[in-house]
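Whole structure, please, built from the sequences with the hints as guidance.
Below are the chains, spelled out letter by letter.
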Amino acid sequence: MPDLLIELFSEEIPARMQARAAEDLKKRVTDGLVEAGLTYAGAAALSTPRRLTLAVDGLLAESPTIREERKGPKVGAPDKAIEGFLRGAGLSREQLEERETPKGAVYFAMIEKPGRPAAEIIAEVLEDCIRNFPWPKSMRWGAGALRWVRPLHSILCILSDEAGASVVDLDIDGIKSGNTTRGHRFMAPDEITVIGFDDYAAKLKRAHVVLDARERAEAIWQEAANQAFANGLEVVEDKGLLAEVAGLVEWPVVLMGAIDEEFLALPPEVLQTSMKEHQKFFSVKNPKTGRIEKFITVANRETADNGATILAGNQKVLSARLADAKFFWENDLRTAKSEAGMSVWVENLGNVTFHNKLGTQAARIDRIAALAREIAPVVGADEDLAEQAARVAKADLSSEMVYEFPELQGLMGRYYAEAAGLPSAVANACQQHYSPLGPGDDVPSEPVSVAVALADKLDTLTGFWAIDEKPTGSKDPFALRRAALGVIRLVLENDVRMSLNLVFGKAAEITGKREGASGEAFADVNDLLSFFHDRLKVFLRDQGIRHDVIDACIAMDGNDDLTLLVKRARALENFLKTEDGENLLQGFKRANNILSQAEEKDGVEYSYGADRKFAEDDSEKALFDALEAGGAAISPAIAAEDFAAAMRGMAALRAPIDAFFEAVQVNADSEVVRRNRLNLLSQIRAVCGQVADLTKVEG
Amino acid sequence: MTQTNGAPRSFQEIILRLQNYWAAKGCAVMQPYDMEVGAGTFHPATTLRSLGSKAWAAAYVQPSRRPTDGRYGENPNRLQHYYQYQVLIKPSPPNLQELYLGSLEAIGVDMEMHDIRFVEDDWESPTLGAWGLGWEVWCDGMEVSQFTYFQQVGGHDCHPVSGELTYGLERLAMYILGVDHVMDMPFNDPDALIPLSYGDVFKQTEEEYARWNFDVANTEVLLRHFEEAEAECAAILAQEHQDPKTGKRIIMAHPAYDQCIKASHIFNLLDARGVISVTERQAYIGRVRALAKQCADAFVLTEAGGFTPESAA
Numbered sequence: 001m002p003d004l005l006i007e008l009f010s011e012e013i014p015a016r017m018q019a020r021a022a023e024d025l026k027k028r029v030t031d032g033l034v035e036a037g038l039t040y041a042g043a044a045a046l047s048t049p050r051r052l053t054l055a056v057d058g059l060l061a062e063s064p065t066i067r068e069e070r071k072g073p074k075v076g077a078p079d080k081a082i083e084g085f086l087r088g089a090g091l092s093r094e095q096l097e098e099r100e101t102p103k104g105a106v107y108f109a110m111i112e113k114p115g116r117p118a119a120e121i122i123a124e125v126l127e128d129c130i131r132n133f134p135w136p137k138s139m140r141w142g143a144g145a146l147r148w149v150r151p152l153h154s155i156l157c158i159l160s161d162e163a164g165a166s167v168v169d170l171d172i173d174g175i176k177s178g179n180t181t182r183g184h185r186f187m188a189p190d191e192i193t194v195i196g197f198d199d200y201a202a203k204l205k206r207a208h209v210v211l212d213a214r215e216r217a218e219a220i221w222q223e224a225a226n227q228a229f230a231n232g233l234e235v236v237e238d239k240g241l242l243a244e245v246a247g248l249v250e251w252p253v254v255l256m257g258a259i260d261e262e263f264l265a266l267p268p269e270v271l272q273t274s275m276k277e278h279q280k281f282f283s284v285k286n287p288k289t290g291r292i293e294k295f296i297t298v299a300n301r302e303t304a305d306n307g308a309t310i311l312a313g314n315q316k317v318l319s320a321r322l323a324d325a326k327f328f329w330e331n332d333l334r335t336a337k338s339e340a341g342m343s344v345w346v347e348n349l350g351n352v353t354f355h356n357k358l359g360t361q362a363a364r365i366d367r368i369a370a371l372a373r374e375i376a377p378v379v380g381a382d383e384d385l386a387e388q389a390a391r392v393a394k395a396d397l398s399s400e401m402v403y404e405f406p407e408l409q410g411l412m413g414r415y416y417a418e419a420a421g422l423p424s425a426v427a428n429a430c431q432q433h434y435s436p437l438g439p440g441d442d443v444p445s446e447p448v449s450v451a452v453a454l455a456d457k458l459d460t461l462t463g464f465w466a467i468d469e470k471p472t473g474s475k476d477p478f479a480l481r482r483a484a485l486g487v488i489r490l491v492l493e494n495d496v497r498m499s500l501n502l503v504f505g506k507a508a509e510i511t512g513k514r515e516g517a518s519g520e521a522f523a524d525v526n527d528l529l530s531f532f533h534d535r536l537k538v539f540l541r542d543q544g545i546r547h548d549v550i551d552a553c554i555a556m557d558g559n560d561d562l563t564l565l566v567k568r569a570r571a572l573e574n575f576l577k578t579e580d581g582e583n584l585l586q587g588f589k590r591a592n593n594i595l596s597q598a599e600e601k602d603g604v605e606y607s608y609g610a611d612r613k614f615a616e617d618d619s620e621k622a623l624f625d626a627l628e629a630g631g632a633a634i635s636p637a638i639a640a641e642d643f644a645a646a647m648r649g650m651a652a653l654r655a656p657i658d659a660f661f662e663a664v665q666v667n668a669d670s671e672v673v674r675r676n677r678l679n680l681l682s683q684i685r686a687v688c689g690q691v692a693d694l695t696k697v698e699g
Numbered sequence: 001m002t003q004t005n006g007a008p009r010s011f012q013e014i015i016l017r018l019q020n021y022w023a024a025k026g027c028a029v030m031q032p033y034d035m036e037v038g039a040g041t042f043h044p045a046t047t048l049r050s051l052g053s054k055a056w057a058a059a060y061v062q063p064s065r066r067p068t069d070g071r072y073g074e075n076p077n078r079l080q081h082y083y084q085y086q087v088l089i090k091p092s093p094p095n096l097q098e099l100y101l102g103s104l105e106a107i108g109v110d111m112e113m114h115d116i117r118f119v120e121d122d123w124e125s126p127t128l129g130a131w132g133l134g135w136e137v138w139c140d141g142m143e144v145s146q147f148t149y150f151q152q153v154g155g156h157d158c159h160p161v162s163g164e165l166t167y168g169l170e171r172l173a174m175y176i177l178g179v180d181h182v183m184d185m186p187f188n189d190p191d192a193l194i195p196l197s198y199g200d201v202f203k204q205t206e207e208e209y210a211r212w213n214f215d216v217a218n219t220e221v222l223l224r225h226f227e228e229a230e231a232e233c234a235a236i237l238a239q240e241h242q243d244p245k246t247g248k249r250i251i252m253a254h255p256a257y258d259q260c261i262k263a264s265h266i267f268n269l270l271d272a273r274g275v276i277s278v279t280e281r282q283a284y285i286g287r288v289r290a291l292a293k294q295c296a297d298a299f300v301l302t303e304a305g306g307f308t309p310e311s312a313a
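Quick note, the sequences are listed as chains W and U, same order.
Just so we're aligned, residue 1 is where the first sequence starts under the UniProt record's numbering, counting upward by one.
Just so we're aligned, residue 1 is where the second sequence starts under the UniProt record's numbering, counting upward by one.
Be careful, since some hints might not be right.
Stated by the list, open to error - Which residues of chain W face chain U? A few of them, derived with a C-beta cut under 8 Å, are:
id : residue
1  : THR180
2  : THR353
3  : LYS357
To be verified - Simulated pairs of lysine-lysine, DSBU-like, Cα-Cα distance not exceeding 30 Å:
id : chain 1 : residue 1 : chain 2 : residue 2
4  : U       : LYS54     : W       : LYS176
5  : U       : LYS203    : W       : LYS326
6  : U       : LYS293    : W       : LYS137
7  : W       : LYS205    : W       : LYS26
Read the hints as simulated data drawn from the structure, not as lab findings.
Glycine residues also receive a C-beta, built at the ideal position from the N, C-alpha and C atoms.
This is the structure we're talking about:
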């Protein structure tokens with residue numbers, strides 16, 4: 001069985017696209033082969049900056065012949081019907097077979113699709129794959145119409161078996177397939193002829209090309225770690241950077257260089273970001289001091305001077321970059337330490353528009369500061385500190401360093417706040433108030449940080465709601481879903497008890513005051529709250545809480561206190577998982593159904609307390625006892641927000657309710673007895689409805 | 001690799017070698033465009049000539065101005081006036097990467113000793129309504145050129161595709177000549193009778209322009225000039241294709257495009273003066289882009305833009 005080797009050789013493929021492209025090549029080609037009947041034993045895809053390679057082994061030499069039997073019209077059917085059948089089957093009338101069936105004689109067609117040689121199928125599949133390749137962004141070049149990620153130069157496509165290798169012929173817009181490739185762009189640029197994958201991989205390695213991106217990454221990491229270790233240092237791990245760098249070289253050569261002494265005082269994050277973003281360097285730190293002292297760069301070639309020229313060049317570029325960073329850092333520090341301090345930056349933010357309907361960044365900061373002050377007592381933060389923190393938290397947006405490296409926002413704020421001598425709670429809030437950014441991001445717990453983080457996000461949400469810029473479908477340009485999820489996590493993980501409606505009101509009041517307006521709440525407070533509830537459902541669903549359970553709790557009063565809401569939901573979720581819970585729910589539903597029907601029919605609400613003296617049956621009396629006892633246990637539990645205890649109290653009702661329904665007909669002949677029983681059911685509804693609206697629970 | 005001429009000794013030698021190299025490769029060596037532009041791409045030899053079906057090959061130095069980058073000549077590598085070397089070949093030849101690497105050798109970069117890399121960088125010019133795919137080229141970790149296959153210019157798909165090379169001359173020359181501050185770079189041969197540094201030539205102008213760009217330029221006048229350029233561009237393009245005087249079909253794509261260039265530069269000046277807010281910025285860029293698109297629309301109706309009486313029919 002032959003093996004197939006394909007290589008698509010092009011100009012440099014963006015590093016971030018290589019791995020995915022190799023996988024796409026594998027999937028599309030093997031899917032196409034299998035669909036055409038060519039099965040195979042194994043397939044592997046590889047990539048370098050200049051090539052995508054696919055090796056398929058154990059391929060069928062040709063697709064199997066397919067025989068198909070097709071039932072046609074009856075013998076003697078109108079000619080038209082028979083001709084139609086013949087056309088569809090591609091046969092003539094003599095080739096049909098007559099067969100007796102229980103319904104009489106019928107024509108049958110035996111259709112045979114002969115197998116096709118592998119090469120023919122491969123050529124078709126590969127051409128289709130190249131012409132329809134799912135690049136994230138592709139281009140044309142020269143005078144042609146073909147699209148590829150960058151100009152495609154050659155196609156190697158060979159089938160090989162014991163007898164030798166043969167080229168699978170194809171010609172795509174003038175690019176003819178062959179059995180040759182090229183080695184490293186500079187170290188071995190000549191043409192190489194290959195006869196199969198092993199030969200190809202071996203020859204490429206001699207031609208200074210490591211074909212497997214993982215092998216390159218491992219080699220880089222190994223060598224980098226060794227060089228660092230030899231100097232008593234360690235490389236700062238960065239998997240994303242490692243993958244990217246492995247996609248920029250065919251022949252990795254790891255070089256370690258020193259960072260100029262004058263830059264070592266820069267914050268390590270600044271060194272790391274500058275080196276990574278601009279130069280794609282790894283940081284090498286001294287484990288004893290935590291300082292970053294050296295860098296690692298990965299070149300794409302060996303040189304006669306063992307990389308000395310390359311390293312010197314890189315070092316020079318780095319120094320120029322870091323000179324910039326140092327310049328920014330020193331200027332920023334000077335500002336932060338000046339008398340006016342970080343307020344200079346905040347003032348500048350008065351010239352920066354946040355959103356044309358929501359004013360400048362400075363106006364936004366004013367609002368956040370006022371809101372943080374309101375929220376502070378709720379989260380146990382000092383009001384003055386919370387306001388102070390909110391006032392400087394975004395100041396670093398005007399700093400030179402953050403202008404250059406936006407990803408350092410917050411972190412630089414912390415450094416500058418520290419330099420300005422601000423309290424550590426304020427400095428920490430500068431860094432942490434953006435958190436949590438993603439689902440995996442840590443949630444701040446220091447009260448001042450929590451207050452500012454909440455105020456920041458809630459100002460954004462109420463602001464965009466007020467101007468009716470809500471997320472729709474997949475569009476969420478202002479990341480409002482993320483902001484809401486941030487609020488949810490901040491509240492839940494810090495056990496914050498806060499009425500969102502109250503905060504929405506405060507936010508509107510603050511905005512109103514600033515604008516000299518009446519301070520009316522915006523129209524859609526309820527809409528914003530239900531947006532929060534939707535986000536909460538998504539968040540809790542991931543933690544295994546059913547949506548109907550959440551709905552049942554949302555239906556209760558105080559649903560704008562998310563901590564309370566979730567407490568209820570967790571208790572209910574756990575309760576429903578028990579046998580008692582499941583049965584009580586059934587009993588409740590039965591009681592509720594009977595009661596609702598009766599109320600609808602009679603046009604009254606049965607909520608006058610039932611009277612024990614009308615109880616006829618023992619089970620009825622027992623239910624009276626149970627409800628009395630239950631009520632006594634449940635009410636204090638609810639008051640103490642111990643919903644689990646309340647649920648346990650309700651669980652005790654399960655047996656009496658079951659027994660009651662077992663023994664008693666609610667709709668009794670005596671109207672007095674009937675009314676009394678309905679009032680009893682109403683008591684069940686009231687008692688059971690204290691934690692959640694059980695009518696919303698499914699099942 | 002051979003360095004027949006050895007290492008270059010001055011800024012101008014690097015320019016001369018590039019000129020000779022690309023002339024030898026068949027490019028029309030053109031002169032800078034006689035207007036203020038932000039980058040070599042704005043030269044009509046690139047913007048307009050990348051449109052339409054006609055083959056084209058040009059190389060030139062383009063003085064470029066970025067008023068916001070002015071640092072009074074003090075920053076080692078930031079200037080408000082600098083030089084780009086620009087090459088545009090249409091259709092892009094299959095060996096454009098090799099041709100480019102050859103040009104680096106021609107200016108003294110020894111491929112055996114240096115690490116040259118093509119790092120993804122998609123190019124987009126919002127003011128020109130243009131984009132392309134390509135790389136920034138790194139030499140030992142430093143970006144030395146921009147390499148782009150134009151896909152769209154002035155809102156028109158490029159057919160055929162042009163290959164564009166842009167060299168930031170000062171930075172490249174500083175690297176090759178081993179100079180740390182641009183003002184210290186030898187402009188002419190250091191052994192010349194009157195050796196001149198880059199600073200001798202440009203230090204004073206950097207100061208003068210930085211002051212004017214940032215603090216003095218009359219913004220009211222500039223705003224008015226912007227409006228006038230915009231109006232003139234539209235007025236030019238609104239003219240009949242047939243010239244009433246000569247009876248010839250004369251579409252004035254280039255004069256209109258001059259107004260677009262003018263508007264673009266005035267916008268840059270206004271930006272440096274800090275009178276354009278973040279929201280207005282987008283609006284101004286959109287207005288310049290609209291001009292660029294109209295000029296592109298007009299150019300493809302001209303002979304140089306590939307128009308023939310048959311294609312019109």
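_Let me make sure I understand: some of the numbered hints might not hold for this structure. Which ones are they, in numerical order?_
Numbers 1 and 3, in rising order.
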